[in-house]
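Student: The primary structure of each chain is shown beneath.
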Amino acid sequence: NAGVTQTPKFQVLKTGQSMTLQCAQDMNHNSMYWYRQDPGMGLRLIYYSASEGTTDKGEVPNGYNVSRLNKREFSLRLESAAPSQTSVYFCASSVTGPRSEAFFGQGTRLTVV
Amino acid sequence: GNSVTQMEGPVTLSEEAFLTINCTYTATGYPSLFWYVQYPGEGLQLLLKATKADDKGSNKGFEATYRKETTSFHLEKGSVQVSDSAVYFCALFSNFGNEKLTFGTGTRLTIIP
Chain A
0 NAGVTQTPKF
10 QVLKTGQSMT
20 LQCAQDMNHN
30 SMYWYRQDPG
40 MGLRLIYYSA
50 SEGTTDKGEV
60 PNGYNVSRLN
70 KREFSLRLES
80 AAPSQTSVYF
90 CASSVTGPRS
100 EAFFGQGTRL
110 TVV
Chain B
70 GNSVTQMEGP
80 VTLSEEAFLT
90 INCTYTATGY
100 PSLFWYVQYP
110 GEGLQLLLKA
120 TKADDKGSNK
130 GFEATYRKET
140 TSFHLEKGSV
150 QVSDSAVYFC
160 ALFSNFGNEK
170 LTFGTGTRLT
180 IIP
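Chains as they are written, first to last, in this note's numbering: chain A, 0 to 112; chain B, 70 to 182.
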């Protein structure tokens, strides 16, 4: 039972570099999310996708872009990484929006130096 | 807007002690309330939930009651174990305004034998 799979698990970037965080779910969920987790701040929503082909901004979208490639996959791209984007990133999915249980990936620890 | 306020940690208890982690919320409408748990090195997983006032969610010996009059959803367990050591997040979903999960800052719990 794979659930939600994120890659990579760890990444170190230099300021200005770009990268894409990958996320895939095998539960046939409609909704997918990207969160960042910072000490003392809980989880903050970056972007979400209520269904294939749609994406919406969350609380902290600046500096990020997303692609809902198909129903299974939802990627997060940092075009020009900044030290303020050092964080742990979580992808999640749910059946019909946040009212139902959200399933989380194991996270990507990103450090921007 | 919606917000969740959690008891600040870290919390350290001895095995078999009684646990309470406080959570209060601010939301419009009638939110659903959740407790998620994050074990070391893992993503978040749903611990329990309650979708309407006076509902009690329970799982693995943990309980929380949705109290509309005090806007609270405190997490309790009668006798904690070392394996309960984790970070606990209170969260809400309201379908008024932004339809997204709003998380508290998390409470780190350590149980010592």
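Bear in mind the hints are in silico, worked out from the structure with no lab data behind them. Note that the structure is predicted; figures quoted are calculated from it, not measured. Just to be clear, a hint being listed does not mean it is correct.
Said to hold, decoys possible - Straight-line distance between alpha carbons at most 25 Å, and here's what the computed DMTMM-like set of lysine to aspartate or glutamate pairs gives:
(1) 129/B - 100/A
(2) 146/B - 72/A
(3) 146/B - 85/B
Student: All hints are to be evaluated individually against the structure, with a verdict given for each.
Tutor: Hints, one by one, checked against the model:
1. A hinted pair counts as satisfied when its Cα atoms are at most 25 Å apart, and residue 129/B with residue 100/A qualifies at roughly 17 Å.
2. For the proposed pair residue 146/B and residue 72/A, the alpha carbon gap of about 37 Å is over 25 Å, so the pair is violated.
3. Pair hint residue 146/B plus residue 85/B holds up; C-alpha atoms about 9 Å apart against a cutoff of 25 Å.
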